[in-house]
Amino acid sequence: MSDKTFVLDGKTIPYAEGQTIMQAAMTAGVYIPHLCYHPEFKPHGSCKLCTVKANGRQAASCTQLAQSGVVVESNTGELNDERRALLQMLFVEGNHFCPSCEQSGKCKLQATAYDLNMMSTHFDHFFPDRPVDASHSDYLLDFNRCILCSLCIRASRDVDGKNVFGLAGRGIKSHLIVNAASGQLADTDFTANDKAAQVCPVGVILKKRKGFAVPIGQRTYDLNPISAMPGVKQD
Amino acid sequence: MVSDTERHATYLDPILERHGFAATSLLQVLREAQEHFGYIHADAITYLTQKLKLPRVKIEGVATFYSFLYLQPRGEYRVLFSDNITDHMLGSAALMNQMCQQLWVEPGKVSEDGLVSISTTSCTGMCDQGPALLVNNIAINRLTPERIVNICELIRKRVPLSAWPAEFFAIADNIRRRDILLDSSFESGSALNALLARGSTETLQEIKLSKLRGRGGAGFSTGSKWEFCRAAHGTHHYVVCNADEGEPGTFKDRVLLTGYADQVFEGLTLCARIIGARKGFLYLRGEYRYLLDHLLVVLQQRRDKRLLGSSILGCADFDFDIEIHFGAGAYVCGEESALIESLEGKRGTPRNRPPFPVSNGYLDQPTVVNNVETFAASSLIALRGGAWYAAIGTATSSGTKLLSVSGDCERPGIYEYPFGVTVAQVLADCGARDTQAVQVSGASGVCVAAQEFTRRIAFEDIPTAGAFMVFDHSRDMFEVARNFVHFFAHESCGFCTPCRVGTRLLQNMMDKLARGNGSPYDFAEIEKLDQLLLSMSHCGLGHAACNPVKDTIAKFRPAYDKRLKHHEFEPAFDLDYALSQARQMTGRDDAGAHLGESK
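Top line first, the protein sequences correspond to chains G and X.
Numbering that gives the first Met the number 0 numbers the first residue of the first sequence as 0 and each following residue consecutively.
Numbering that gives the first Met the number 0 numbers the first residue of the second sequence as 0 and each following residue consecutively.
In case anyone wonders, no lab produced these hints; they're calculated from the structure.
Do not take every clue at face value.
Stated by the list, open to error - Covered stretches of chain G, as calculated for chain X (at least 3 residues, CB under 8 Å):
no.	stretch
1	50–63
2	68–76
3	88–96
4	115–125
5	168–179
What the hints assert, rightly or not - Below, a sample of chain G positions facing chain X; criterion: calculated Cβ distance under 8 Å:
no.	residue
6	G9
7	K10
8	E81
9	L85
Glycine residues also receive a C-beta, built at the ideal position from the N, C-alpha and C atoms.
Between the sequences and the hints, there should be enough to build the whole structure, so can you do that?
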């Protein structure tokens, strides 16, 4: 038996040196809920949904390196309760109206909420005022749905080499901005071919003139829950 | 014809040159650039993107993170009232109201003639001589209605700050009790001479022997930190002095940097020799901008005495110098990894740890970050030995601690005690009467009730970064907690979900209680939030954000109970409260403009 293993919810998980708990779990086909993590990008560790207990101590599994012999708890009542509360926070922080959203059924926030049995948003809604940016000819930005995962920021910076997106403000006023003095996407060098155009886990970055191509009920997470990792297997 | 962007080159070029066109100086450049118009002009950002080779999103991201940087015009005179609970207890709200009325301006807005803007800011570190404010980043204390009248007059007449009466800017040290640190007649260079005589390795042993622990609050062993950093591989090593003293109620680092800067800088230099650093930083909170000239003089004196610069004290291989970096209104930058991000000219977001700064700090190089007081103490230890220091205080908390005492007492100010002093002793010494509670170590610390006054200030009992705020029985402990909750919501960096949203939810709940709409259900909700913040937050800010509420609910329950409207459930939505905006817009406040029984 290799000593490069750890235990995740009772299951022995092998890992390679330098892998995080999340990476090793994904490789082994074990799902840990997450939103700001994406296997192609440098981990960010901000949504905190992937928090696990490693030897009894909370840690974000997307940034915590796997270590030999560590006992990791993830799929527990306590952690899932807390994850549900985090999801509820993300829902009340923005304006999420799933029934009218083009991403419904493809949205990781919605899918994770279904998967963790989130039945209501629980907290009082903040109803922030977030104007839509429809300036670009091919793409629309609906900031109402932004969960500040920074995947578009990382994709544009690290893959596209462009820095189209960035984070501004502090605290609850944190928000996504685009790289133009006008503040409008049309005045950036963003194109439909950018990696950043494809990574939004929710419904902020939307292609124009293409709506409901796949009927509701037949979309990725309508067919399989996100914990079955349908999105990951395709990647 | 000069283009819009080039118009900014005239004042930006000298700033950029002074900072070597380095992207790591972005925050410093923005601070200085702002002084030209009182805000950072959009075209100035365009110019900086070219000169610093940074994308606009990056510059705007930094500029919008720090409270003291503005992308929109502010008043020619930017007035910020310190919003700490101790300022409130001294009447700051009424004084701010008076100023707003006299100058015809609404809080948070700019007057129509662009002359003045008035708002609040987190604790400015003047709690022993409040109420306090900052005008164009310069501190004015001991506000009274008369002083406000005078300030309004000066603003109206557009008198430049440099011509305002000097006594407005006088800042007292208020040192009330001295022990080994404040009593030392420290001689420049004496600790460095002791270091060179004894050797670096041996001096590190003395620091370890002294059992000195970090004075910023966390209490990590200073000797171990220096040893780890010394052993860590890197092309450069760095030493950073954390003078971001942002914890509400703390002001001891201000006093140390005023009267003991030489000893602090000597501590940094010692550390540099031990870990092999050639460059150090003093990260100074923006609120202490007025200290700059004094600190630059001290640094220059040390260079003149060959205690800084190249070949220190004639040692050919001992080169070290210290640069001063300013913060710009962000409490979270007191967290060491956020401070390092800020030093690198970025948003002050705490890093994912591990790795820790001792191995991967400034520019990813091994870095020691210590508190001002820690460096001052290390100079003493180098001079007088570790065993001497370890014999003072308690077994696990060696040495002395500076307390910043404020609130309801006769003699607020700085008190230095050996660790182990009881809360009761401090209260007796500062002339506190009829004390209901003491908030030790600021908003993130512990609220101590009367039955606990025999407890001791020490890492093993009540650890503290230094704040000691006293509340007598006339004070409403609910309002104390609510003030701290607002502080955390304002200062959350927004990086992680639980702290970004949770601190705001908590603020909303406390405001709901304050409007008299609470129910026991809210207590259960607060408890759940507390657990979540503790479990899921990215850094200590989120972990501590519920402390004040948790402590005061446990110890001062009647202050909460009297705000309960019903004893089961009460919705947050309040029809009458929802109408308040409409009332403000229409200027009505008659009975017909109200609904229901609520105020």
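Honestly, which of those hints from before does the structure not fit? Result: hints 2, 6 and 7 break, sorted rising.
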